[in-house]
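Engineer: Sequence:
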Amino acid sequence: MSGRGGRRRGPGQDSGSGQPSPSLSRGGGSRRGRGRVPSGPPPYSSYTPPRPQVAPTQPPPPSAPSTSTAPAYHPLSSSGAESLMREVSQKLTLEPESATTAPLLPPSSSKAIRSAQRPGVGRDGEKCKVRANHFLVKFADKDLHHYDVSITPEVTSKKTNRIIMQQLTDLYKQSHLGGRCPAYDGRKGLYAAGALPFESKEFFVKIIDEDQGRGSSSSATKEWQYKVAVKLVSKPDLHYLREFLLRRHFEAPQETIQVLDVVLRAKPSENYTVVGRSFFHPDLGPKGELGNGIDYWMGYYQSLRPTQMGLSLNIDVSARSFYEPLLVTDFVTKHFKRTSLKRPLSDQDCVKLTTALKGVKVRLIHMAYAKTCKIVGISRLPISELTFTLDDKKTNVSVVQYFLEKYEIVLKHPSLPALQSGSEAKPIYLPMELCQIVEGQRYTKKLNDQQVRALLKATCKRPPDRERDIRRMVSNNNFNGEERVSEFGIHVGQELALVEARVLPAPVLKYHDTGPEKSVKPSKGAWNMINKKMVNGGEVDNWTCVNFSSNYANISNDFCTRLVEMCNNKGMVFRHTAAVPIRSAHPFRIDQTLRDVYEESTRQKRPLKLLIIILPDQSGSYGKIKRICETELGIVSQCCQPKQASKYYPQYFENLALKINVKVGGRNTVLNDAIEKTIPLVSDDPTIIFGADVTHPQPGEDSSPSIAAVVASIDWPEVTKYRGIVSAQPHREEIIQDLYKTVQDPQKGVVPSGMIRELLISFYKSTRRKPLRIIFYRDGVSEGQFSQVLLYEMDAIRKACASIQDNYMPPVTFVVVQKRHRTRLFPTDTASTDKSGNIVAGTVVDTIICHPTEFDFYLNSHAGIMGTSKPTHYHVLYDENKFTADNFQVLTNNLCYTYARCTRSVSIVPPAYYAHLVAFRARYYIEDETSDSGSANARRNARDRNVEAQPLPSIRENVKEVMFYC
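Sequence positions in the sequence shown follow this note's numbering and run -17 to 948.
Just so you know, the hints here were simulated from the structure itself, not pulled from any lab data. These numbers come from a predicted model, not from an experiment. A few of these clues could be false.
The following label-pair restraints were derived from C-beta to C-beta distances [as the list claims (entries may be wrong)]:
| # | residue 1 | residue 2 | range |
| --- | --- | --- | --- |
| 1 | ASN378 | LEU153 | 44 to 50 Å |
| 2 | GLN626 | ASP727 | 47 to 53 Å |
| 3 | GLY602 | LYS217 | 25 to 31 Å |
| 4 | TYR630 | GLU909 | 29 to 35 Å |
| 5 | ARG454 | ASN510 | 38 to 44 Å |
| 6 | GLU521 | LYS864 | 48 to 54 Å |
| 7 | GLU939 | GLN729 | 18 to 24 Å |
| 8 | GLN680 | GLU499 | 21 to 27 Å |
| 9 | ASP727 | ASP666 | 53 to 59 Å |
| 10 | GLU939 | LYS625 | 39 to 45 Å |
| 11 | GLN770 | ASP666 | 30 to 36 Å |
| 12 | LYS141 | LYS217 | 28 to 34 Å |
Computed list of lysine to aspartate or glutamate pairs in EDC-like fashion (alpha-carbon distance at most 20 Å, straight line) [unchecked claim]:
| # | residue 1 | residue 2 |
| --- | --- | --- |
| 13 | LYS124 | GLU271 |
| 14 | LYS213 | GLU108 |
| 15 | LYS213 | ASP106 |
| 16 | LYS427 | GLU581 |
| 17 | LYS500 | ASP655 |
| 18 | LYS209 | ASP152 |
| 19 | LYS428 | GLU271 |
| 20 | LYS183 | ASP152 |
| 21 | LYS394 | GLU406 |
| 22 | LYS408 | GLU390 |
| 23 | LYS587 | ASP523 |
| 24 | LYS388 | GLU406 |
| 25 | LYS316 | GLU306 |
| 26 | LYS269 | GLU306 |
| 27 | LYS428 | ASP684 |
Glycine included, C-beta positions come from ideal geometry on N, C-alpha and C.
Could you build the full structure based on these sequences and the hints that come with them?
Structural biologist: This is the structure we're talking about:
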């Protein structure tokens, strides 16, 4: 939750939907071959990079046109497009190019894609040692067998499936399973460390369910019988896994790793609540209240991964929100912060309560036996007005009367609505006061600000405390003492991996020569603007200010005077007087006030270059202001919180000046190496650096589109200004749809378009050069999506380039940026830490815990503030520019010092960071249409998800020209 806020998707993440992300690394590819197997992987110092694939020779890019303002366009024929697609696919796949001319289908699995191979390890920087929360897993040679499990009648609950299979094992272990204790994955997979005495067999298992009573006449318990068919599917071979870990071939044997992963997860899955790849239980750590009837539980994340040291078990502490096991009446009291339930719930409260409780299981406390029901809704009428027909289908009785006569219970809260179970057609009414929320149910809704703060406060731990908790989790789990783990010959180490790391030096940052300090070399990831002036100060001639705050209505003039003074002191050219009068306005008149200001400045022929806005005292207006300014009026704005603005802190004005400068076209600082043109590869030829991200709606927002954002540097050789564009796409679609597309024009016919093409043209307009290199930082991709994203998006990049000019194919480096992983790095001594006790900014790791053969590394580019720093994982999937490990790691680290909004290095490379900001901003443009107001939007079902996304409101061109999103 730290860093850039709530995000979606990453390796092994705990997604909001509770779906596990793939934890296993994908393979590249080579022929499998047997050979002598040494006892373990060699030390990394003996690593010899595999021979790189030779890419087809690229024709030299044509020279830039000298007379036009944009590169010449030559249409790409259909045969050319197919040829291009085959060229991209051929480079990215293992198989030779097919002789057919038909368009290639996407690969059927990730095995078809080979990622860039590691070009060696980095050497730059000061060496140090760190500990990582990876634990070495050793495994003996066992004859693994994979069996398919089919349970009849079909069961959808993994928990119930596990109970059935545990009962089967208890009953038949000695008689029919050959004394073996197989591991079960909760669905279709059963794994044994040797052959079972059959290839196919059916079993019958009876389960006593004490939760199936249907009424007074039925038994308090019910016996269910299941037929379980077990059939041999395959025999995963551990030999291939050893070969892969020894780097003798590049295809990860996923099935074999999956077997070992299931074995290590089997016992925790039986004992704890499973959420994705994490386990939670009150016994795993202290739990506490988040407010509104929600608790947090502590737990741990677990993932088995192939690394350079061998198989590694990645363990990290985790926390998630759960419903408190309360009576529903007590939940209502806490949720709405009420002291009494005498007053009926409003219609709006009923909608909110339905949203909060739908799908939650409750236990009926008035029954003589345990019985649970799932809530499907809440009645429209209070329970005092509800009636239903008895089983005789004749007698109509009120709910209040029924509970009085049947159970001698006088309902205390007849003004409350009833919970509904059963179905819409035949609802079962349940009094809230007789229903208790079943323990262990995850709360999947979005936490409010108060709950987020409470969760962060409870879980934000300094590195020594987090490391201690991780060690405790591993010790308490006692993997090696578990029967199945021992039977499969698996041994989990008890010590965190000791990893050799390097601390990369901070870059020299250039400031304006007229300032007392013309440059600075940051220390431990931070510096300040004292005695410095912006390297390129922007000009602000026409501006004004609108104050929507009621509590701080009188600060406008003083605030603006001090802000203008700070901007000028830092190197900007900022006119002292406003173009139109500064004013205050009521927060209910935001729309009209903004239009009035725009029209007034237009009438005076003084179009605003900047509008300073002091926000209303109540939150919730920021998105509306940005939408109106950026998509309707074409005004660049700077919003300020009234409470902060009223304090007149110099540091606050300095931070505002940094944001304002880039919003009006200036630069705050530039890498000195960029000025001197000494950045390897990037300075040699015109280079464009892209950042791309896709953000998805919150869980439960089934009708909202996903939003793709792409930014690109347009100021080579400085590479600090980034132009951003956005596009809506179908709900939860991860591949960016509009990187390249064609549109039908009535006059011109088929016209090429798309985000990449638009940004390439912007680069040319700004620099008068075509990019001869492309670096593409792609955020938000999990490992299971690497292959698809690489294939489709690389194809789009190629087509966009070819649409600019025939044979224009600049080399591309495609890098996935992953923040949502669970690797943490801990210092081994206090001498090599920053003020927060974390590893220092610039720490990079590309050995031991990284992929056995592929080009990836962990980079902690920022200084810690609170808790334990999380390094960013960079995985180079494709590299035609042939970066060395040092060149790319240093470039990425140095770019992290060019983030425009602060004088600190940031945790993620700025192009990816900016793409996230742009996508997040665009979400505001549609929030009015998709807000969670209890309307039909919140109740649309999954069939709406694949409909074509409605286009976003267009950002005005003058706004897009600058970094408006900062």
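Engineer: Indicate, hint by hint, whether the structure satisfies it.
Structural biologist: Results of checking the hints against the structure:
no.: 1; hint: ASN378 with LEU153: 44 to 50 Å; verdict: holds (49 Å)
no.: 2; hint: GLN626 with ASP727: 47 to 53 Å; verdict: holds (48 Å)
no.: 3; hint: GLY602 with LYS217: 25 to 31 Å; verdict: violated (60 Å)
no.: 4; hint: TYR630 with GLU909: 29 to 35 Å; verdict: holds (32 Å)
no.: 5; hint: ARG454 with ASN510: 38 to 44 Å; verdict: holds (40 Å)
no.: 6; hint: GLU521 with LYS864: 48 to 54 Å; verdict: violated (41 Å)
no.: 7; hint: GLU939 with GLN729: 18 to 24 Å; verdict: holds (21 Å)
no.: 8; hint: GLN680 with GLU499: 21 to 27 Å; verdict: violated (45 Å)
no.: 9; hint: ASP727 with ASP666: 53 to 59 Å; verdict: violated (38 Å)
no.: 10; hint: GLU939 with LYS625: 39 to 45 Å; verdict: violated (35 Å)
no.: 11; hint: GLN770 with ASP666: 30 to 36 Å; verdict: holds (32 Å)
no.: 12; hint: LYS141 with LYS217: 28 to 34 Å; verdict: holds (29 Å)
no.: 13; hint: LYS124 with GLU271; verdict: violated (46 Å)
no.: 14; hint: LYS213 with GLU108; verdict: violated (56 Å)
no.: 15; hint: LYS213 with ASP106; verdict: violated (54 Å)
no.: 16; hint: LYS427 with GLU581; verdict: violated (42 Å)
no.: 17; hint: LYS500 with ASP655; verdict: holds (14 Å)
no.: 18; hint: LYS209 with ASP152; verdict: holds (16 Å)
no.: 19; hint: LYS428 with GLU271; verdict: holds (16 Å)
no.: 20; hint: LYS183 with ASP152; verdict: holds (16 Å)
no.: 21; hint: LYS394 with GLU406; verdict: violated (26 Å)
no.: 22; hint: LYS408 with GLU390; verdict: violated (25 Å)
no.: 23; hint: LYS587 with ASP523; verdict: holds (12 Å)
no.: 24; hint: LYS388 with GLU406; verdict: violated (24 Å)
no.: 25; hint: LYS316 with GLU306; verdict: holds (10 Å)
no.: 26; hint: LYS269 with GLU306; verdict: holds (10 Å)
no.: 27; hint: LYS428 with ASP684; verdict: holds (14 Å)
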